[in-house]
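J.: So the chains spell out like this:
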Amino acid sequence: MAMRDLEALFSRRMIVAGATGGVVWAGLIARLFQLQVLETERYETLAKENHIKLELAPPQRGRIFDRFGKPLASHRQAGRVALVPEQIDDATKTIARIANLIEIPEPRLERVLAEVKRNRRGASSFVPVTLAQELSYEDYARMNVFAAEMPGVDVEMGATRSYPQGRDFAHVLGYVARASADDLDRLSDGMTGEESGRLRRLFKHPDMRTGRQGMERFAEEWLRGTPGFRKLVTNAAGRVIEDLQDDRLSPQPGKDLYVTIDADLQRAAIERFQSESGAAVVLDIESGDILAMVSTPAFDPNDFVNGISSANYKLLQDNVDAPLYPRAHGGVYPPGSTFKMVVATAALESGVIDPSERVYCNRYYHFGNRTWHCWKKGGHGSVNMHQAIKGSCDVYFYEIARRTGVEKIAEVSRKFGFGESWTLGMTGARGGLVPDNEWKMRVHGEKWYEGETLNFGIGQGQLGTTPLQLALMTARIAADGAPIRPKIIGIGPATDGEKNLQAPLNLEIMQRMKAGMFGVTSEAGGTAGRSGDLGLGGPRLAGKTGTAQVRRITQAERNSGIRKGEDIDRKLRDHALFVAYAPADDPKYAISVIVEHGEGGSRTAAPVARDILAYAMKTDSRRRPVYTELAQNTSTDGPVDGGSR
Amino acid sequence: MSDGFSNYNSGDRRMQAAQSLNFETIGFLGKIGRLPFGLILLIIAMALVGTAMLFSAAHTNPAEANLWLLHLIRFGLCFLVMMVLAFCPLNLWLRIAFPAYLVTLIMLVLVEFFGVTGGGAQRWLQVGPVALQPSEFAKLATTLALARYYQMMIGPTTGGFVIHLGALAIILAPAALIFMQPDFGTTLALIASGGVVIFLTGLYFRVIVMGVIGGFAAIVPIYNFVLADYQRERVDTFLAQLTGESTNALGESYQIEQAKIATGSGGWNGKGFLQGIQSQQDFVPEQHTDFILTVIAEEFGFIGTTAMLLAFAVILGWGLVISFQSKSWFGRLAAAGATATIAFYIVFNVGMVLGLLPVVGMPLPLISYGGTAMLTAMACFGLIISVHLHKDDRLRDQGWF
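First to last, the sequence lines map onto chains A and B. Residues in the first sequence are numbered consecutively from 1, following this note's numbering. Residues in the second sequence are numbered consecutively from 646, following this note's numbering.
All the pointers check out, no bait thrown in.
Subject to a maximum C-alpha distance of 25 Å in a straight line, what follows is the list of computed SDA-like cross-link-like pairs (lysine to any residue): (1) A/Lys231 x B/Asn711; (2) B/Lys1036 x A/Arg12; (3) B/Lys1036 x A/Val16; (4) B/Lys1036 x A/Ile15; (5) B/Lys1036 x A/Met14; (6) B/Lys916 x A/Glu39; (7) B/Lys1036 x A/Glu7; (8) B/Lys972 x A/Arg12; (9) B/Lys916 x A/Gly27; (10) A/Lys231 x B/Leu712; (11) B/Lys972 x A/Thr20; (12) B/Lys1036 x A/Leu9; (13) B/Lys676 x B/Leu730; (14) A/Lys377 x A/His597; (15) B/Lys676 x B/Leu722; (16) B/Lys972 x A/Ser11; (17) B/Lys916 x A/Glu55; (18) B/Lys916 x A/Phe33; (19) B/Lys972 x A/Ala17; (20) B/Lys972 x A/Leu6; (21) B/Lys972 x A/Ala8; (22) B/Lys916 x A/Val37; (23) B/Lys1036 x A/Leu6; (24) A/Lys93 x A/Pro151; (25) B/Lys972 x A/Met14; (26) B/Lys972 x A/Leu9; (27) A/Lys231 x B/Ala710; (28) B/Lys972 x A/Glu7; (29) B/Lys1036 x A/Ala17; (30) B/Lys972 x A/Val16; (31) A/Lys231 x B/Phe918; (32) A/Lys571 x A/Gln462; (33) B/Lys972 x A/Ala19; (34) B/Lys1036 x A/Ser11.
Hints listed in this document are in silico derivations from the structure and should not be mistaken for laboratory results. Predicted model only: the values in this text are computed from it and were never measured.
Let the sequences and hints guide you as you build the complete structure.
T.: Put into structure tokens, the structure is as follows:
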């Protein structure tokens, strides 16, 4: 036994080993055959259903802050239920089951069902359709439990745009909404087909909103950010089983935006209006920063973020107080007597009157075969320019307007910024109208009548201005005619070509205007004497009252004296205006206020302006904004984020 | 022709005498002529397949886009090593067999104390800038030591049962150390390829049968008392997926399940080069290393994968033939052991990817990305080719060195 032939044995064993290897190899190939040939259909199906999904991850929209860093637009996490059409077995059953678990209005159920069914057939069958959002905690928890049994039902937390200041900034910021077909057409204008397709896919995401109005719309690209992707591992039911982190793919959040407005001042101003409707604009005279921009009443932009019901929208539309109307920069009013400084400037520039020249006012001014009236019963008597501004003598201004002529007044108006639309980073800004010969001929097809110049001279007639323009005018006067660059965006996209209000104005004339405005609030015979003191123990304001006619005054009314008070319908009452700057001796703030149907500038608008200015000065609204440091820390074209997050 | 004694003239006798005195029967140029070019070309072809597969697996991921190039460079370097080893005379191999085995054992012990943890086990030894995996070298060293041992022991008067106990010790010492790392896959591969060598030397069949029965009997106690928790979990999920039970999709079976889906979705022809969606989208974990087969299977289907397996079979068969033709026990067993080592790499890897074996962490030779495994495989081929070139060498068969 010991002498076995090991050589022969080795040969035999070698053959056995080789044969065993062959059998093992055959086994491996058989297994391969089983997987790749016999069962390939099953695995192909699994492969299609079960892969890493690159899901579009929407960028976080940039936030908006006020000048002191108070959030005006940010985000709120809210639970959401979405359906993925391609993964749902039976859409009707699934939706019925969800409706059993949480409260969803019936019209919405029907709409979603229709959309799911429609999308199932199309190329967008993987795009989730939102069924319910803003879930309460209980609903969110309940849905989470049951969603596991319902394929194609996604329950997740989504970021929703939120406006913590509510109505205060409705007209400045506007609001965001799901992108409509119109929005998409507008946003993709000028894009290549591929870019446009990408944009459209992005906006299908339930978290995506686009600025529909106001600054949200103007600064859309600044705020939007760049979408990224989430790498999701899903199981056969389409349920995400793993979220793979991949920093290279994460979305870039939108850039934060800072406005020049002081949210506290804005709030105080809105409160001061109480139930009145109107507008106010406060400017920092030195920097041109808009510190408050009030239009009241307003709507709550939070209502629009998830889509406002058509019934609620109709309520807003039909409201007599027009809460959707952006009065401050989009409301066009005749400026009334607040325009008189412009007319006086035009007269002095053209040299048709000497400031000391007196005009006699007996309340009536005859021109052609018509008679114009001064507002003051019995007239002002003999007035020079200073007295005419102080007492707002209409007769004086009829006279100098007639002497100056429409063209010169229109020219000086434009130097003050009238007739021009100041977008400044919002939507809805209007330019109003500065009438002249050319306009009259172009629009009405007839020549300008000199009688119209008289109305122009007291800020009535065709002339249309916005409260923003009036504030700019006041700021230019208060700054002795120095250039002003108004702005509402502290850090954000460039606006309006950064245009300046810099047409030259004569220093001496401006000082004369300021003296007149000081007289209005602080001298005997001033129309707003009661509102001159800011109540801060010294500083006074200088201003000018105005009344914007809502309709023509009839002779019968003038005769009967019934023109004011409760005797006429509120809708028909005149608007009260007041423009002012403060402190009178060292102007820092300029303001314009309009109280709709407030009747008298001195009675209703001036106290509002005074109180807003007092608040601004007390709290020092124009102090250094927080974003100046941010601006220094980042390059001029770099995004302003990161550090502040 | 002759009985070796008669009909020789004096010249023939002198030639014989001269030849019998000269170990190097052929010169360097002669060796080059004798190189198994077919085998070498196949090896190169497999490495190129691996390069292409790495390119495909990583080309969507910028961070890994140059893996294929690294693989190619590594192969180039390892190829040089293989050729140098191939030209080493068998006597040199014989001489270094025991020292190499000893050094490997020492390194394995060092790993226990100074090793770098990788993938949950202490496997790496950091030597300067190079991270070494001693368990990989152990495969070659153990094979060499076994061959050396039998070269020393097998003679006309030996062959009894007792000499195999020494061989068993040679296998079990590194196996135990590797098992402690813990690296169950390498341990099994080491024991298996060592077992093949013992089998070839003619261990009694009844002992083999008893050994196999004993091995099966040991499975339950090993499972219960020896395996770590994560290893037990792997076995559990493996058994579960084998029997079609539902498994935790996020756990261990995830990898196997994804590998099966990628493989199965390949079908007859596959999806085409660079078209393997499943394996490219980071869907199959470890698809550059242990699961590279899924890329081949998904992109080239049953036909391509089978072709690859057959190419490996040809390489291994070549190794067996070389082993068969060698005149010395050392040459035979070294070539056979090296062939078995590579064979078990392949079987474990393919079996694991196809869901026939538990996940043991075993690369596919020449194709998977990974330096040490590549070096081991190429060293094995170097040894096999060396045996081929020196099949007629006479070897000293006594002494330790």
